[in-house]
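Visitor: In the order they appear, the protein sequences are chains G and Z. For the first sequence, counting from 1, position 60 maps to 60 in the working numbering; every step adds exactly one. For the second sequence, counting from 1, position 3 maps to 3 in the working numbering; every step adds exactly one.
Just so you know, the hints here were simulated from the structure itself, not pulled from any lab data. Treat each hint with caution, since some may be false.
When chains are identical, the list treats them as one kind, so a pair holds in a single copy or across two.
As the list claims (entries may be wrong) - Cross-link-like lysine-lysine pairs, in silico, DSSO-like; alpha carbons within 27 Å at most:
#	residue 1	residue 2
1	K348	K35
2	K322	K35
3	K30	K322
4	K146	K94
5	K327	K35
6	K159	K327
7	K334	K192
8	K327	K30
9	K2	K293
10	K299	K174
11	K348	K30
12	K174	K293
13	K322	K94
14	K159	K30
There are 2 protein chains.
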Amino acid sequence: MKILDLDLGDRSYPIIIGTNHYANAEILRKYIMGKRVAIVSNETVAPIYLEKLATSLESYDPVSIILPDGEEYKSLNTIDSVIDQLLAARCDRKITMIALGGGVIGDMTGFAAACYMRGVPFIQIPTSLLSQVDSSVGGKTGVNHKRGKNMIGAFYQPKCVLIDTSTLDTLPSKELSAGLAEVIKYGLIRDKNFLFWLEENMVRLLARDPAALSHAIFESCRHKSEVVADDELERGGRALLNLGHTFGHAIEAGMGYGNWLHGEAVAAGMVMAAELSCRLGWLPRADVVRVEKIISMAKLPIRAPASLSVAVMREHMAVDKKVTDGKLQLVLFKAIGDVILTDDFSEKFLDDVLADLRN
Amino acid sequence: MKILDLDLGDRSYPIIIGTNHYANAEILRKYIMGKRVAIVSNETVAPIYLEKLATSLESYDPVSIILPDGEEYKSLNTIDSVIDQLLAARCDRKITMIALGGGVIGDMTGFAAACYMRGVPFIQIPTSLLSQVDSSVGGKTGVNHKRGKNMIGAFYQPKCVLIDTSTLDTLPSKELSAGLAEVIKYGLIRDKNFLFWLEENMVRLLARDPAALSHAIFESCRHKSEVVADDELERGGRALLNLGHTFGHAIEAGMGYGNWLHGEAVAAGMVMAAELSCRLGWLPRADVVRVEKIISMAKLPIRAPASLSVAVMREHMAVDKKVTDGKLQLVLFKAIGDVILTDDFSEKFLDDVLADLRN
Numbered sequence: 001m002k003i004l005d006l007d008l009g010d011r012s013y014p015i016i017i018g019t020n021h022y023a024n025a026e027i028l029r030k031y032i033m034g035k036r037v038a039i040v041s042n043e044t045v046a047p048i049y050l051e052k053l054a055t056s057l058e059s060y061d062p063v064s065i066i067l068p069d070g071e072e073y074k075s076l077n078t079i080d081s082v083i084d085q086l087l088a089a090r091c092d093r094k095i096t097m098i099a100l101g102g103g104v105i106g107d108m109t110g111f112a113a114a115c116y117m118r119g120v121p122f123i124q125i126p127t128s129l130l131s132q133v134d135s136s137v138g139g140k141t142g143v144n145h146k147r148g149k150n151m152i153g154a155f156y157q158p159k160c161v162l163i164d165t166s167t168l169d170t171l172p173s174k175e176l177s178a179g180l181a182e183v184i185k186y187g188l189i190r191d192k193n194f195l196f197w198l199e200e201n202m203v204r205l206l207a208r209d210p211a212a213l214s215h216a217i218f219e220s221c222r223h224k225s226e227v228v229a230d231d232e233l234e235r236g237g238r239a240l241l242n243l244g245h246t247f248g249h250a251i252e253a254g255m256g257y258g259n260w261l262h263g264e265a266v267a268a269g270m271v272m273a274a275e276l277s278c279r280l281g282w283l284p285r286a287d288v289v290r291v292e293k294i295i296s297m298a299k300l301p302i303r304a305p306a307s308l309s310v311a312v313m314r315e316h317m318a319v320d321k322k323v324t325d326g327k328l329q330l331v332l333f334k335a336i337g338d339v340i341l342t343d344d345f346s347e348k349f350l351d352d353v354l355a356d357l358r359n
Numbered sequence: 001m002k003i004l005d006l007d008l009g010d011r012s013y014p015i016i017i018g019t020n021h022y023a024n025a026e027i028l029r030k031y032i033m034g035k036r037v038a039i040v041s042n043e044t045v046a047p048i049y050l051e052k053l054a055t056s057l058e059s060y061d062p063v064s065i066i067l068p069d070g071e072e073y074k075s076l077n078t079i080d081s082v083i084d085q086l087l088a089a090r091c092d093r094k095i096t097m098i099a100l101g102g103g104v105i106g107d108m109t110g111f112a113a114a115c116y117m118r119g120v121p122f123i124q125i126p127t128s129l130l131s132q133v134d135s136s137v138g139g140k141t142g143v144n145h146k147r148g149k150n151m152i153g154a155f156y157q158p159k160c161v162l163i164d165t166s167t168l169d170t171l172p173s174k175e176l177s178a179g180l181a182e183v184i185k186y187g188l189i190r191d192k193n194f195l196f197w198l199e200e201n202m203v204r205l206l207a208r209d210p211a212a213l214s215h216a217i218f219e220s221c222r223h224k225s226e227v228v229a230d231d232e233l234e235r236g237g238r239a240l241l242n243l244g245h246t247f248g249h250a251i252e253a254g255m256g257y258g259n260w261l262h263g264e265a266v267a268a269g270m271v272m273a274a275e276l277s278c279r280l281g282w283l284p285r286a287d288v289v290r291v292e293k294i295i296s297m298a299k300l301p302i303r304a305p306a307s308l309s310v311a312v313m314r315e316h317m318a319v320d321k322k323v324t325d326g327k328l329q330l331v332l333f334k335a336i337g338d339v340i341l342t343d344d345f346s347e348k349f350l351d352d353v354l355a356d357l358r359n
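Build out the structure end to end from the sequences listed, making use of the hints.
Guide: Right, here's the structure in full:
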């Protein structure tokens, strides 16, 4: 078992990485505040993992809330339903909520915890690679709006993040790859050595080699923790974690939530960021090829769908949260392992990249 | 102009009390963070006050969002509509939102600001007495759920509260009285001298004497600020501000939102708290009479409606946010000016009070 501490003053918490320990009541007990817990999961994850967790927490009279599975249900309506179920079960301010599932479950449970009676404690038990390496850490919670992804939410930190790598055994391959997109991201934005390690070990990761996965998760969480500790509310450096995300959100929203996985869209988006950086003269062509290669190795897309028009993508990009005083900002490359948030690019170059990088 | 400072470390802000200054751009400018503002108001307040405010802030390219008027619209659906309008107007993270209206507008604008892109700055310009003396100060924001009042929300502080007593000139008498319920509350929970002053000056307040109103507002905001500065997140003393509110919420919810004004329900609730305290032997009968008298002087109800059953009230009280580990807690009197939060009362006495204090 490895433990990382995310240092946020009185909101600090541990990220506990291990195997076969997701239902370990001895560990969880320390982070449960009152006498009851409410476990939020979805129709896919619950049948596999919920019973064991609920049984281990039997003394906390657990309430189980099962949501439909998919990004398309990440909405204010679903939050309303979670809150309705909490109230129906007479959960009070001392309830501790537990997110058991992937990124969508974590984001929604965290936001419901942030809003329920103006805030109750919650714990993240991420069961997908993407949520283990990225979304469960750092306190970004929220839901989508039909006009844009994650437009409604809160910065709200969990009491702990409990990562159990054995839950990846049941993860569909497509979702394993989607998680690897965020792993690759850390290499691209701030750690050339880690990128090199990923290039050497991608085959092991795809084969779910436990030691390789554990190393990739630990390094990803370490990077995420460092960035968040420096800039919890994304006033500066945290925005760099959004490499590929503005493009990716436009692909996700443009195709309709639930059609492209978040990680897949981010993967294609990171290639777009590299390509635009190259055309601006900031990144050598060989590095664009290197970005495309590692993403392809992870069995992820390097192009947006041909059916998606530039106009539709631009429409979605215009409501990105990083737009400042009306100006779009993008995370672009200065080099591999060195990125910046900038509005210093030609709109025409951007349109060309969007048009050209489609299948 | 009088200024009170609410001391909350890096979330501190001023409460600026004056007359004919709600649209003073020189004052507001200091608290507007970016280049644009979004003013949220309702169908009743907007026709009277919006144009002057929007004109004075013309250089901030103001977006106006007009909501329907009434507690029954204080819902997640309305928040969704506010966010939709912000996105449609291309408001980014640098938008400053301004609440122009009573408590419902303030609570919803604050919650929308807390959630929009995970948080944007906002300013309170309360136009009702109730919002000026209570809800605009202290950062409680949120909406109702059909199962309970203010069940969904956030603690989220404004950048400033700008109180203009001249906006009370257009306030319906019923709402003036409703605001006086919260003013009386401060006397009852922590300031016998202020209660005495209110007993002497209630006629002037009802006649809207500017000096009397200004004094009552200043004293109320001073009390509220002191309590909130000590306990922002309501882990202790702040709960005492809820005198009469658990009873009041049950009346409001039981009668259907929008039928009883919040202040009216709290008024009857404070009498219930006094009566229960008396029956527990904690408060002399003469003090119950005194509570009833000051509330009657303010033209507020001292009884719940006869049509409301004890069972319905208890049902709503059971989901109160102060319920802890399943046990209902109430703010009760030790004496006039001295209240406590306690679960140390007999359920039968409570039921009797609910049954007896109906018209």
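Visitor: Indicate which option fits the pair K30, K322 if close means a Cα-Cα distance not exceeding 27 Å: within, between, both or neither.
Guide: between (37 Å within a copy, 24 Å between copies)
Visitor: Are the CA atoms of K334 and K192 at most 27 Å apart within a copy, between copies, both, or neither?
Guide: within (13 Å within a copy, 67 Å between copies)
Visitor: Between copies, within a copy, both or neither: which fits K348 and K35 at Cα up to 27 Å?
Guide: between (58 Å within a copy, 26 Å between copies)
Visitor: Between copies, within a copy, both or neither: which fits K159 and K327 at Cα up to 27 Å?
Guide: between (36 Å within a copy, 25 Å between copies)
Visitor: Go through the copies and call it for K174 and K293: within, between, both or neither, with a Cα cutoff of 27 Å.
Guide: Within one copy only: 18 Å inside, 70 Å across.
Visitor: State whether the alpha carbon distance between K327 and K35 is at most 27 Å within one copy, between copies, both, or neither.
Guide: between (48 Å within a copy, 12 Å between copies)
Visitor: Between the shortest in-copy and the shortest cross-copy C-alpha distance, which are at most 27 Å for K146 and K94: within, between, both, or neither?
Guide: Cα proximity of K146 and K94: across copies only (21 Å, versus 33 Å in one copy).
Visitor: Check K2 against K293 for me: Cα-Cα at most 27 Å, and say if that holds within a copy, between copies, both or neither.
Guide: Answer is neither; intra-copy 31 Å and inter-copy 65 Å both fail.
Visitor: Given a CA cutoff of 27 Å, do K327 and K30 count as a within-copy pair, a between-copy pair, both, or neither?
Guide: Result: close only across copies, 23 Å inter versus 45 Å intra.
Visitor: Treating 27 Å as the Cα threshold, decide for K159 and K30: within, between, both or neither.
Guide: within (9 Å within a copy, 36 Å between copies)
Visitor: Within, between, both or neither: how does the pair K322, K94 come out at a Cα-Cα threshold of 27 Å?
Guide: between (35 Å within a copy, 10 Å between copies)
Visitor: How would you label the pair K299, K174 (within, between, both, or neither) given a Cα cut-off of 27 Å?
Guide: within (8 Å within a copy, 67 Å between copies)
Hint check: violations occur at hints 9 and 11; the rest are consistent with the structure.
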